[in-house]
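Novice: The primary structure of each chain is shown beneath.
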Amino acid sequence: MLALQILIDGFAIGALYALGATGFTLIFGVSGVLNLCHGALMVAAAVAAWAAHTEGAMNSLASAAVGLAVSVALALATFRLVVRPIQRSPAVRAEEREIFILTATLLWGILIQEAIASLFTSNAKTVPPLIGGVTLLLGVRIPRNEILTAILCWAVIGVLWLWVNRTRTGKAVLAASMNSRGVILLGIDLSRIHVAVWAVYGLLAGVAGVLLGMFLGVSSYSVGPLTASAFSIVVLGGLGSVYGSIVAAYAVGYLETMTAYLVSPAYRFIPALLLLVTVMYVRPHGLLGRR
Amino acid sequence: MAGTSPVRPFWPVLAILALAAFLPFRVSGYVLGLLTLAYYFGVFAMAWDLLFGFANEVNFGTTFLIGVGAYSAGILDNRYGLPIWACIAAGTAIAVIGGLILALPALRVSGPYFGLTTLVAVLLLQNFVVIFSGVTGGEIGLVVPDVITTDAAGNYWIALALLAASGVILTTLSRSAVGLILQASGQDRIQAAALGFNVTRHKLVAFSVSALFSGLAGSFMVFYMGTASIGTLIDITIGVQIIIAAVLGGRRTIIGAAFGAIFLIGLTEILRPIGEVATFIVSAVALVVVILAPNGLTGMVARKAPP
Amino acid sequence: MTSMKLPALLTLAFLLPVAGRAAEPIKIGVISEAQAVAGASIAPAAQLAAEEINAKGGIDGRPVEIVAYDDHSSASDAVRAFQRAVNEDHVQAVVASYITEIALALQPWADRLKTVTITPGAASDLIPEAIAKDYAHNRYYFQGFPTSSAVAHMVCDSAKDLLVKHLGMQTAVIMSEDAAWTLPLDATYENCLPQAGLKPLDHIRFSKDTTDFTPIFNRIEALKPDVIITGVSHVGVQPTVQWKNQQVPLPMYGRSSQAINPVFWKDTDGGAQGVILQAFAAPDVALSPKTIPFAEAYRRKYGAFPAESGYTTYDAVHYIADAVHRAGSTDTDALAAALEKTDYEGALGRIQFLPPGDPHTHALRVGPGFVQGVMMQWQDGKQVTVWPANLANGEMRFPSYIVTKR
Amino acid sequence: MSTGLPPLLSVCGLTKRFGGLTAVNKVDFALWPGEILGLIGPNGSGKSTLVKLLMGIEQPSDGSIRFDGAEIAGLSTHLVARRGIGIVFQHSRPLERQTVIETILLGLLPDSLFHLSISAEHRARARAIAEKVGLGAVLDRRPSTLSFADLRRLELAKALARDPKVLLIDEPFAGLTASECAEFSALFREQRSQGKAILLVDHNVRTVAALVDRVIALCLGERIAEGKPVDVMRNEAVRRVYLGGAIEASPRNGSGGAGAAPLLELRDVGVRYGKALAVDQANLTVGENEFVSLVGINGAGKTSLFNAITGFVPYSGEILWRGQPVKGLSAVRVARLGISHCPETRELFGDMSVRENLDLGGQRRSKAESDDRLDWMFELFPILKSRQKQNASTLSGGEQQMLAIARALMTDPQLLILDEPTLGLAPIILEQLSKALDALRQTGKVGVLLGEQNVTFALPHADRIHVMDRGRMTWQGSPDRFVHEAGAKYLL
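Protein chains in written order, with the working numbering: chain A, 1 to 291; chain B, 1001 to 1307; chain C, 2001 to 2406; chain D, 3001 to 3492.
If you're looking for bench data, these hints aren't it; they were derived computationally from the structure. Hints are supplied without guarantee of correctness; some may be wrong.
[Unchecked claim] Every beta carbon over 10 Å from chain B, so not counted as near; a handful from chain A, in silico: (1) A73; (2) A77; (3) I99; (4) G132; (5) G133; (6) L136; (7) Y250; (8) G286; (9) L287.
[As the list claims (entries may be wrong)] Just a sample of chain D residues kept apart from chain A, beta carbon distances all over 12 Å, derived: (10) R3364; (11) S3393; (12) I3417; (13) S3478.
[Claimed, not checked] Residues on chain B that point at chain D, a partial pick, calculated with CB under 7 Å: (14) S1110; (15) L1162; (16) G1196.
It should be emphasised that the depicted structure is a prediction, and the values quoted were computed from it without experimental measurement. Glycine included, each C-beta is placed from N, C-alpha and C at the ideal position.
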């Protein structure tokens, strides 16, 4: 009973984490950017969806779509207005680019967060679930939407996998993540690939954000924690490794859920953090290699 | 000395310091209170800059050091009623130990991996403060019964003195032989080692120095604020502010970091009347500076190409 | 170093419009959390009160002027704002923050900067207890809001009627956020619930940062209580929505500050259906002749009903003005002394502060005839008052999946 | 050179394995005070690994390094340095914000945490060293304002500052003009005369011949020859490494070749890296379907020239494609013109399968087109067909090279630029590659510009040969003429 409960909740949470982290790691893999406004994109998507529903009186599907549109737009803006100017800036030396992009995306994230807070207050918002109600599974009562969430996460990850492994653009993206010069040598336009990746990233973050908004709800305060958790999961899994991220996402998801159930909700995050520290010491470069 | 940057800034800075020392006779307690906080943040930012600018380590855990120092000092005062100087000394010492612990991963991992490890250190500290609320005051925050002085000018001068002292020591250090070795190690550890320098040891030193000043300023701040709480000392957003201040002021200049902090806090305060959007505007300004003038305010003032 | 002169100048510019006025205005600083729903009503409500007073010719001819500050829910920001209010803008009194952590951070400053300070929403008993303990150093500080223990007592009293007598409930689980104000709240719950006839089976405190309440609800449900007794303020939307989405078959009953705000229904997308909450004021409950007029005036001016802290702030500004009038001066000691003698009919009810010597010095006096409060239930987008009987305008109703005895 | 006294540095059975591959294999040699030893070998021969082992940057898998009678194998770098071994890195990043004198001072500082101030006597010594290496005039300038030669001098000065007994110098002359080379040689000789031992690491004998007392030649991690420069140059093994076996040209029996319409024209092309002059006034033409070999030892500037053509580095002079200037085009645009560049680094997508790599090559073509070419590639390199599903990173060096070439050809280029395809490959693989190239040439579908140090490999298929040396084109002509005129001179 309890075991099953943990199994199911952990699965849903893990799926959400995985989805959030996938985009994060994709961006790092292809353009080497640790995007610290990740959480802001997720929250923006969720809040936009909420607003579309409550203010704009749209149905849950339409409002979700609005959320996605917003996060894609923001992701592209992040690339054009924040990341690329720094990458191209002659004043920033290569070895310093990292800290500058970190700082800039961080600030950008704060900007988005503040905008959300002053437009819609810092109160938590929840996106209307796609389907309501609960189902009984072996005596465990699960909201239908929780199940749907898990399924959707996996569906999206699956689609991403197909995109990367079956389509030409996807293949090129993957190739770029391994060897950008190789891609250029083949006459494939890297900058167009970057735009594509950021758009896809925005979509992933958006889906994750909206689903999170339906499942748990978000507030402008979630921005930092969401970024931190994506960051942790991705590094835990090994930067640039989508598979690693998914594994790590579930490791963290279940660790948190088990702690919350078996120990106390108050200690929820600690074991995961400790795990992270240990991994950093034992396997400095994360659980899994690239791809 | 082995000029990190020429000795030029010395006189202007001295002049500004002198000016600052006389402020209490001219401006209101509120401006003093504001600057007092800004000065403490200045120390934090300078300590961070020593690590980033000279040892090339991106440390997200600066509030870990501050928090450890501040809370230790606060708890010693609150529970054991030790004299303030003892609390501050102990707090600083414990922060240094924290710094050494934080440095361990830096010797194994680098770049984002190190950044994250330090970030996690902060999150852990945050959680532990909440869990051991019996000792730390948890979410409520720790009430520190003693204050050094309630006089605004007094507090101001303490902070200013601390800022000046830290500034002088850190700048001297960064321009000294050790600073030179640090830079060499930060830039290319193999080459530095090939010159016979024990890179590991120098990194450890850099961390403990950074921790020392973070802890010291943190401890003082507790006795100024009269409380220690996650939101004021440990929260990631504080760390972010410090990093932004340092980058804004101009990395690798030490004093630039201090000006960055004063500018950041000053601007936030100037904009307070316009209400909630203040933070928005401040971050926007910071972002623009980071993107368009990567060498920060001091860079703009010096108007010289990136070193 | 211009960054120090500038704020001064800027604030000056900010104050110019009134600087020209004839009579020296009485300035009241208002420090609040503009972005948090619970704090968003504080400044506007103060403004409204000031306008009313000025419309009636001010206090002995002197206009009241509100100087508002946003503390971004941060104690250090609040301290800075406080210093600015007193040293720079020279306010005569400060109304500050509904968050206990911040109120506690400001408490020492009230004495350091010798300024009367009132919190319109911080409930923790620690605040008045500190005043009682060290009256000399805290006498300028007043708690313009009932204590957590008072809140808890009211929840217990109402629970006795509504849950025990009416629904025959016997057991409960306390679920509260880990915050300063809930410490005394929970302590009191532990005592008064058994007296009310509800046996507390467990007591779950969770971090304010909690986002996933599933484990918590499941733990509670596993204990098979009859009801969940809540103590939440920083969180609200998330637990409520998840409570509804998971169809937790237990009523939520108790203090849920965010749920008092009329926008809560929208924020939870109707998830609030069936939630029973304690409140000291609500738009359509005539706690006093002033309650509804204020709520309406507020809505006319700002387009939405005020949050609870709006009512308390509205009263605070009024009884500060009243105290200034009685004291005939804005001298801090005189003003504090006058405030201690406050006996004022406000939107909350009859306002009096507990006297020095009382373990809860400078806390609001609560109970029949004073600040009384109500229990309300969210029903189809409306807050229906269900307790006390004399104010009730409806019966308790629960969503289908909540099965209550009898 | 071995006088009675014991060697200063003696290496014995030194071995370094990286996973499967053995970078340094049971190397022994000794170094006496007051001698200059040359360590030569083509890229990938294990020179740099060997140096890293000596310096303690890499830890040896096996063998011993004795210095001054003590075992130093496995010591960490800074300890090795303190014993008295110094190194001059080839690629070094100087401290940007320190002046010359300050940088030299760095070398003089003791490894102490408490040594904050810098004594006058230190400054004096720093100045002296600066004077010695010829930096006297630029003491207070920052690296960014220094000439390339001066930067190299600065590196040397830093190393000398520690007054090491043994000095390891990596490619001392790379990027320097003849006169600068002479100055540096003089410096090294002076050090030798002071009883220092110097290990000069370089690609080939000739550059260091005049300077060194002895030479050790490395190939694929093993010592293949040792002795006086002249002898080493005559040594068969060495000649095979650089020249390959006997040189002979093979006539082309197919269309295209010399005299065809010019595809690519280079006019006085020059390439600089910061201060270093990599290519100087290069002129070269490749016609439709022509096969041009550009031979030259490593560091001759071939790669820089190719990078200029394919738009990876800026250049002076003119490059024309079918008569049109291509200056300013991005690498992508250049590739789309039909110039396919197959660099020595191969740039494969390691974690993708052979098939995926090839498909990416054909990505800009239609499915059908790409499939046809795929079949052609498989008949050109049959091994790839059987390896289709395998990850590129798991292929052998030879197979990777074939894949790189095949992938480049998948883009349907009119010109294929091949940079050092034989790098670190076993002779047997060379055979296969050679056949493939010949087949490619016979099809007459594509022009080829081949950069090689291995003349035997470069020669057979070539319609024309260019020789490049220190960034300049020194000879050009037909293969058969090359055998007589240039072949001998090539090494010496």
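Novice: Does each hint hold? Answer for all of them.
Specialist: Consistency of the hints with the structure:
no.	hint	in the structure
1	A73	18 Å, holds
2	A77	12 Å, holds
3	I99	5 Å, violated
4	G132	34 Å, holds
5	G133	35 Å, holds
6	L136	35 Å, holds
7	Y250	19 Å, holds
8	G286	8 Å, violated
9	L287	13 Å, holds
10	R3364	6 Å, violated
11	S3393	9 Å, violated
12	I3417	10 Å, violated
13	S3478	31 Å, holds
14	S1110	16 Å, violated
15	L1162	21 Å, violated
16	G1196	4 Å, holds
The structure fails hints 3, 8, 10, 11, 12, 14, 15 (numbered hints given earlier, in ascending order).
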